[in-house]
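Colleague: Here's the letter readout for the chains.
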Amino acid sequence: MNELQNKIIDVIRELLATKKINLFIGYGNGTLPLKTTPYFVEHANSADKLVWNSFCSNNLAVYLPYVMSDRKTRVGILCKGCDSRSVIGLIKEKQIKRQDIFIIGVPCPGILNSKKILTQLNVDEIEDINEDVDNIIVKFKDGKKKFRKSEYLYGCCINCSHPNPMIYDVLIGEMKSISAQPDSTIKEFSAKTRKERWKIFEDELARCIRCYACRNACPNCYCKECFAEETKPKWMGATNSPSDIIFFHIGRIFHQTGRCVDCGACVRACPIDLNLRLFTRILVDEAKERFGFEPGLSLEEPLLFGTFSLSDRSECMTEPK
Amino acid sequence: MVRSNSTFVPKVIAFLCNWCSYAGADLAGVTRIQYPTNIRIIRVPCSGGINPLYIIKALQNGADGVLVSGCHPGDCHYISGNLVVLRKFELLKKFLEYLGIESERVQFSWVSAAEGMRFAQIIEKVTNDVKKLGPLMHFRKDMPIKTNE
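Protein sequence lines correspond, in order, to chains A and B.
When we follow this note's numbering, the leftmost residue of the first sequence carries the number 1, and every step to the right adds one.
When we follow this note's numbering, the leftmost residue of the second sequence carries the number 322, and every step to the right adds one.
It cannot be assumed that every hint is accurate.
[What the hints assert, rightly or not] Derived pair list, reagent style EDC-like, types lysine to aspartate or glutamate, alpha-carbon separation capped at 20 Å:
#1 A:Lys187 with B:Asp396
#2 A:Lys288 with B:Glu425
#3 B:Lys415 with A:Glu294
#4 A:Lys192 with B:Glu425
#5 B:Lys409 with A:Glu286
#6 B:Lys415 with A:Asp183
#7 B:Lys446 with A:Glu315
#8 B:Lys378 with A:Asp244
#9 B:Lys414 with A:Asp132
[As the list claims (entries may be wrong)] Between beta-carbon pairs, the in silico distance windows are:
#10 B:Ser401 with A:Thr193: 34 to 42 Å
#11 B:Met464 with A:Leu303: 34 to 42 Å
#12 A:Thr185 with B:Met438: 24 to 32 Å
#13 B:Lys462 with A:Arg148: 16 to 24 Å
#14 B:His393 with A:Lys176: 46 to 54 Å
[Unchecked claim] Residues of chain B placed beyond 12 Å of chain A at every Cβ, according to the derived structure:
#15 Thr328
#16 Val330
#17 Lys332
#18 Arg353
#19 Gln355
#20 Leu388
#21 Gly395
#22 Gln428
#23 Pro456
In short, the hints are calculated from the structure, not lab data.
Owing to the predicted nature of the structure, the values given are computational and were not obtained by experimental measurement.
All residues carry an ideal CB built from backbone N, CA and C; glycine is no exception.
Please construct the entire structure, taking both the sequences and the accompanying hints into account.
Modeller: Printed below as a string of structure tokens:
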């Protein structure tokens, strides 16, 4: 891990020093243990503050539309598999230009859920963290504890079928073999009755405080004016009534159809840990199953809703009896 | 407002495309074909312009069902509007069903300007489907507030 981190720092320093890019978006150490924060580097001599470890959870593509809007030179970005797919999505939706960005691709080892580890630890202060390929060793005042990485992965990383970056200018590290576990939660949920499904959906969203963190963390949500805040037409009230919350979530999730790369940014951003993935994942699966479409795999493939085929099965149409 | 199942009169919002389905509805009227009076027609330029939010919003604001109707594939006034929207319709229906909102509440159909009879039959089918399901109380704006008891 440290090797990779040093390699990344070297490459970025070189790029910034030779003015190939004038801003780099990567990860820096967070203020809390087992956390990283998005880190923007503008000068070659601050590149050594960049980090790369198993807690680099943010989808950095979310910042690109903002930083590109007032910049004429190139911006560099660190991309895991899902980040690179988001970048492809943004390029295809004409939010950024391919020639304006410089992509450092890093095959993703899977991101660890720091909350899960911290609840297991139950200590005040963490002194040091060491990691190798399979394990992570957390040192604290009275000793140390070893965690198997595979047990503490985020849900979306367990089911991830594209850990390797899809596009890159420089690749750091070796391409990973794909070992995705199929997601059984969707099937289990679908097998329930309508009433049970709605109950689960309703109860889950009853906890929502409508902070819009899920929207803000999502790279696909770049609209200058979101339907949630639009006043003409006014789609929903500003109260926390269950009806408005449900409307917001149905609207938001359906808006991601054919664009969601299942990076899990919305789930990680949620301050009350709503299981949003249970509801977003279905559309990812359906698009793949019905139309053979997976977002962000190539720059050439048209968008799901931007095209049609005469062979699209129209089994949803109503026919008179 | 309490609406029991026995006296339930469904409210169905129908988004009809200007060029085919609206003319089809007009033909049904001109030829005096009887069909249920539960629909509220909204004329739209093209079924391809239907934002899924319109449908969800209608359901939130008191509609028990929504029908979207456009030209037959290949007949679209704007060449391919109805084909472009087809994928959206399919996935929206699937998504609502997955969440637990009966997919029969949201229906899509093709009706041409010459198919007054077909229009009447489709309205009948949609109204009957929605009637069987009863009022939609899932996330209505005016639904009673739940207490934590």
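Colleague: Hints first: check each against the structure and report whether it holds.
Modeller: These are the hints, each one checked on the structure:
1. A:Lys187 with B:Asp396: With Cα atoms ~38 Å apart, Lys187 of chain A and Asp396 of chain B exceed 20 Å; violated.
2. A:Lys288 with B:Glu425: violated (23 Å)
3. B:Lys415 with A:Glu294: Cα-Cα ~17 Å, so holds.
4. A:Lys192 with B:Glu425: holds (18 Å)
5. B:Lys409 with A:Glu286: holds (11 Å)
6. B:Lys415 with A:Asp183: holds (18 Å)
7. B:Lys446 with A:Glu315: holds (16 Å)
8. B:Lys378 with A:Asp244: Answer holds: Lys378 of chain B to Asp244 of chain A is near 10 Å, not above 20 Å.
9. B:Lys414 with A:Asp132: Violated, at roughly 46 Å.
10. B:Ser401 with A:Thr193: 34 to 42 Å: Given about 38 Å between the Cβ atoms, the range holds.
11. B:Met464 with A:Leu303: 34 to 42 Å: holds (36 Å)
12. A:Thr185 with B:Met438: 24 to 32 Å: violated (46 Å)
13. B:Lys462 with A:Arg148: 16 to 24 Å: violated (48 Å)
14. B:His393 with A:Lys176: 46 to 54 Å: Hint holds: Cβ distance 48 Å, inside 46 to 54 Å.
15. Thr328: holds (23 Å)
16. Val330: Fine: 21 Å to the nearest Cβ keeps Val330 of chain B off the interface.
17. Lys332: Non-interface label stands for Lys332 of chain B: nearest chain A Cβ at 17 Å, farther than 12 Å.
18. Arg353: Given that every Cβ of chain A is farther than 12 Å from that of Arg353 of chain B, nearest at about 18 Å, it holds.
19. Gln355: holds (14 Å)
20. Leu388: Answer for Leu388 of chain B: violated, closest chain A Cβ roughly 8 Å.
21. Gly395: Non-interface label on Gly395 of chain B violated, nearest chain A Cβ at 9 Å vs cutoff 12 Å.
22. Gln428: violated (4 Å)
23. Pro456: Holds, since 14 Å exceeds 12 Å.
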